[in-house]
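Protein sequences appear in the order of chains A and B.
Start counting the first sequence at 1; every next residue gets the next number (this note's numbering).
Start counting the second sequence at 182; every next residue gets the next number (this note's numbering).
Please keep in mind that the hints were generated in silico from the structure rather than gathered at the bench.
Since the structure is predicted, the reported quantities are computational estimates derived from the model, not experimental observations.
Errors might be hidden in some of the hints.
Said to hold, decoys possible - Simulated coverage check for chain A against chain B, where a stretch passes if three residues somewhere in it have a Cβ under 8 Å from a Cβ of chain B:
1. 7–21
2. 41–52
3. 55–69
4. 74–80
5. 168–176
Stated by the list, open to error - Simulated crosslink set (DSS-like; lysine-lysine; CA at most 27 Å straight-line):
6. K4(A) <-> K411(B)
7. K232(B) <-> K119(A)
8. K31(A) <-> K198(B)
9. K176(A) <-> K226(B)
10. K63(A) <-> K206(B)
11. K119(A) <-> K226(B)
12. K176(A) <-> K156(A)
13. K67(A) <-> K411(B)
14. K226(B) <-> K30(A)
15. K232(B) <-> K47(A)
16. K175(A) <-> K198(B)
17. K175(A) <-> K232(B)
18. K63(A) <-> K156(A)
19. K31(A) <-> K232(B)
20. K232(B) <-> K176(A)
21. K18(A) <-> K245(B)
22. K31(A) <-> K226(B)
23. K245(B) <-> K31(A)
24. K438(B) <-> K4(A)
25. K63(A) <-> K411(B)
26. K438(B) <-> K158(A)
27. K4(A) <-> K245(B)
28. K158(A) <-> K411(B)
29. K158(A) <-> K206(B)
30. K156(A) <-> K198(B)
31. K245(B) <-> K158(A)
32. K232(B) <-> K30(A)
33. K232(B) <-> K126(A)
34. K411(B) <-> K18(A)
35. K158(A) <-> K208(B)
36. K232(B) <-> K156(A)
37. K438(B) <-> K30(A)
Stated by the list, open to error - Chain A residues, not near chain B, derived (Cβ > 10 Å throughout):
38. I25
39. Q38
40. N84
For every residue, glycine included, the Cβ atom is placed at its ideal position computed from N, Cα and C.
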Amino acid sequence: MIQKDDNELVFEVLQGSKSSFEILIERYQKKIYGMILQMTDDREMAKDLTQDVFVKAYLNLPKFNFKYRFFSWLYRIALNETMNCLKSHRRFESLEKAGNIAAEETVQNGDADEIRLIKLALRDLKNSYRSLILLKYYFGLSYEEISETMGISVNKVKDRLFNARLSLRNALDDKKFFDHD
Amino acid sequence: MIERELIERIHEDLEGKLEAAEQQKLKDTLAGNPEAESYYREWQKISSVFKRSGELSPDVQFTKEILNRLPMEPQTAKKPEPLIRPSFWNMPAFRYSMIFIAGAFLGFLAFTFLMPAGKISKAPSFQLKGAMYDSRNFDQMTTADNLMFENAMVKASFDVRYSSRIVEIRVSVSSLYPVQGMILFDYNSLQAMNVVNVSVNDQSSISASSNFIQINNSGNNQYVIQLLNKNSLPHQVSFKILQNDVPVYQNAVTVNKE
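Bound conformation, chain A alone:
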């Protein structure tokens, strides 16, 4: 069965089809949840925000501009909602809680230590750098897709990513990430 592309599904939702929106939820909920979880490191917050993102997307769908890609628009909503939430909540979890999250991951994967260090280093970055790194390395978006998502030019994406990478690298160096080889 040929999968419908996102814009066709959006078009169908705007014609009144909720089942088409259900397909979009199934398609992106894991990625959106994953991104928000990386940004917030709080499962409950990530769960609530993920739902908020999709509800907000549904309510604003009539304003969606088909010139752009749906997932870039959705990620942008997710980024904005997460940033707003982080500003009004305590930003960082305690290291003990971070350790608990890491402990769960140890059961699944022996590289949990490196993943935990990446998470801790991401916390040292400012929000805009953190979201850029996640969009580039966690989601694998291209410069053009990031540009669409964040609403900035491709050149600005490249400049900011250059600085974000330096910041991340320095943060990882402080945590002796590169000594694990």
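Given chain A, work out where chain B should sit, using these hints.
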């Protein structure tokens, strides 16, 4: 300190964007630059850890909760503000009172040797002011036909394309005096959806009913019309141009030919 250009090339290589020759050139550069080589290894490691952490992302199932939070009524496309600011003439009260006054005056003149003016135009069923959906985002559009007509008073073209979802008609009309264009279709097969006035002056307008779209044109104007394609069966879209209510052009195009 590593040059920025070299850093960019390192990241391009890690993303698999370099050709074989460029890869080799980078490798040779790194061989002679231990700092850059170390940077390359560090980012190779960072990228791979990100990939692994992405695979660890927990499976979630929020669909039911999300759907329960959505409003009961379905979403529909919002009709945005018209592209052209409605002129004073488009206010119904003003327009009809001016028509009445003009009609009364002309009627009076008719009794004193002048011919009456043209019939009062019927009020359109409703005005279509929609946002066009970029048809490049849909499945491939097929050209049905490109109709063209020209006489001393009017020049028009109708470029008709269709996909499984929509029929798109790009209209270009140029007329010295007011003319009417009509696009007629079967309501069971097609439904008027969106109209964009690409370049339309104040003397012209476009409106729609359940089975036709009417263009009142004066001057040079362009419109884009989208009809919802309700099924995949072949059906006809008819085109007419009228001058002073007299048809000067009639033709039809078949969509969903395959």
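inquiry  = Under the constraints set out in the numbered hints, which ones does this structure not fulfil?
reply    = 4, 10, 12, 16, 26, 28, 31, 37, 38 and 39
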